[in-house]
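Peer 1: With the hints as a guide, dock the two chains, each given alone in a separate frame, to form the complex.
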Amino acid sequence: MPTREPLPRRVNQLLAALPDDDYQRLQSFLEDVPLALKQVLFEKQAPIEYVYFPIDCIISLVIKMENGETVEVGTVGAEGAIGVPLVFEGSRSPFTAFAQVPGRALRMRAQDLFAALEQNGPLANLMRRYAEAFLGQVAQGGACNQLHSVAQRCARWLLLTQDRLHTDEFPLTQEFLCQMLGVRRATVSEIASAFQKAGYIRYHRGWMTIVDRRGLEATSCECYRVIQGEYQRLLQTDWGST
Amino acid sequence: MKTIDQPTFERLCQDLSRNTTVLREGKLNAAQQTEQLMRALFHTVCEYLGLDPVAQAAELRDGDGFALLQTLEEHMEPEFLYSDLLDRYLLSKIRP
Numbered sequence: 000m001p002t003r004e005p006l007p008r009r010v011n012q013l014l015a016a017l018p019d020d021d022y023q024r025l026q027s028f029l030e031d032v033p034l035a036l037k038q039v040l041f042e043k044q045a046p047i048e049y050v051y052f053p054i055d056c057i058i059s060l061v062i063k064m065e066n067g068e069t070v071e072v073g074t075v076g077a078e079g080a081i082g083v084p085l086v087f088e089g090s091r092s093p094f095t096a097f098a099q100v101p102g103r104a105l106r107m108r109a110q111d112l113f114a115a116l117e118q119n120g121p122l123a124n125l126m127r128r129y130a131e132a133f134l135g136q137v138a139q140g141g142a143c144n145q146l147h148s149v150a151q152r153c154a155r156w157l158l159l160t161q162d163r164l165h166t167d168e169f170p171l172t173q174e175f176l177c178q179m180l181g182v183r184r185a186t187v188s189e190i191a192s193a194f195q196k197a198g199y200i201r202y203h204r205g206w207m208t209i210v211d212r213r214g215l216e217a218t219s220c221e222c223y224r225v226i227q228g229e230y231q232r233l234l235q236t237d238w239g240s241t
Numbered sequence: 000m001k002t003i004d005q006p007t008f009e010r011l012c013q014d015l016s017r018n019t020t021v022l023r024e025g026k027l028n029a030a031q032q033t034e035q036l037m038r039a040l041f042h043t044v045c046e047y048l049g050l051d052p053v054a055q056a057a058e059l060r061d062g063d064g065f066a067l068l069q070t071l072e073e074h075m076e077p078e079f080l081y082s083d084l085l086d087r088y089l090l091s092k093i094r095p
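Chains as they are written, first to last, in numbering that gives the first Met the number 0: chain A, 0 to 241; chain B, 0 to 95.
Rather than coming from a laboratory, the hints here were simulated on the basis of the structure.
All C-beta atoms, glycine included, are put in the ideal place defined by N, C-alpha and C.
Among these hints, one or two may not hold up.
Simulated coverage check for chain A against chain B, where a stretch passes if three residues somewhere in it have a Cβ under 8 Å from a Cβ of chain B [claimed, not checked]: (1) 34-48; (2) 59-68; (3) 156-168; (4) 171-180.
Just chain B, with the same shape it has in the complex (with noise of 0.2 Å):
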């Protein structure tokens, strides 16, 4: 099993917080940017794990934003506070 380590996934966080139009636009409210970042994550987290995110998605029966946190609480190794780097890089960014 592929796994991921904190300096991967913050480099994962980087790369979509500059190159994202999603912070920038201003046409999406709090929720649906939320939302789409988690999406946009989960889906690049997906193609660096080698996972579909679609059938991982399905497995984990829930939306995106919960598939994201439980594929990286399966995959991660070693452990690291992944909340703590969606929090930095993109999440707290997200105007109310």
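Bound conformation, chain A alone (with noise of 0.2 Å):
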């Protein structure tokens, strides 16, 4: 087998939790490759062809309606893996994946993952717990829709890209925004000039700034910690405390 570069496994946290072994056995299946903003990974219904194993990007899983406005039903960065239906043998997505934020992942085959889950090792039980997480979070998500306002919601999404990020400031366009919280432009424009005249944040020209992440905690409904607990307690990660 040629040499390889070794990857960069420890910042995906899902590679990061196998053991040494198990991670050996499973470098050479997986490829290093970079993903542009607004790349699509899999379109809904489609042959899901790579499990993806984020390092520094962010991707959003959205369901796209027939007058194609879109929803976002879930975000997934370092702490995780694009393609949960391959964990129980299924081959197509019930959602769309593409780049939120550009960055690098690790992916592998599909075919490779099948086999790699069939030998029901340390890879098939974190990725059971993780499907087990982002379920969860589907879920939440799903109720936080229904039940808690707009503004509640903003600061979820908002706290939990950052906890992602690692940074305080990334670009983010209105649209964006109306995609992963399902309401109108003026609705996105009336929470920022609410969350800027409560000093949370500074939004310029696409540019999102936490200025005070105390001030969305308290704005955001409980759902936020219940997404973040679950990570924790199913992982054993600390993804969310930044």
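Peer 2: Below you can see the structure in the form of structure tokens.
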């Protein structure tokens, strides 16, 4: 087997949680790939050809309606993986997945993942626990969308995004925030304006700056804490504790 | 300030989809194809709006991808779902 540069395993928390021997066996099946802004990893109902382990990018999972409107159902960064249906031997995604923040990821062909999962070792165990946490996030998000205000949901989304990016400032278009929250532009403008007035954020020409994280935490609903807590419980990670 | 509407943006996306070699050559990976298409479309949109793409990208402090999206945010009239058109005509045609 040809010698390969060590892959940046430690920054993806699922791969980092694998025992060294298991990771060594897996490494020859992993490919380090760049992901550009808006790059589509797979479309809804299209075959999932690869599972992706984000390193420093953020992937959005969205549902597209027939009229072109789009709503986010999940966000995945270095704490997780894209391609959860493969864990249940599924081959198609109920979501469209695209890069919300560009960066890099390690990817593995679906058939190689299936072979690795069949061995029922630490990777299978980890992927099952991750799938449970991810489903929890999607379920909590669905309930949150029904029951909580747009301001609460917006605060939750900003906190989760900051947790994954480990930075206070990131580019964010209004259309994207509309998709993430499933609301119209006027509503997003009102919320952004209210958050700016309260001193929680600055938002100018598409650049979002988190100024007062505690203020956002106080505004967010319980769902931020619940989602963060579930990942920590199931994966023993601290990805949300910035 | 010159503005851009949905039919115009749709036409620019269709023209690029028809004329670009990026989607047919198969030489680039998916990230490079996405970046090239976003860059080409950013330049086309800037040309339509009478903006200097280099100055515009510098003002918006990020790569051509974000610069394209933010330029549309600031110049579209009336508002339309530009991401849907981007996906439909360009990004969904890129193989992983």
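Peer 1: Compare the structure with each hint and give your call.
Peer 2: Hints and how they fare:
1. 34-48: Since 10 is at least three, the answer is holds.
2. 59-68: n = 3 at 8 Å, threshold three: holds.
3. 156-168: With 0 residues close enough to chain B, the hint is violated.
4. 171-180: holds (count 5)
Checked against the numbered hints given earlier, the structure breaks only hint 3 and satisfies all the rest.
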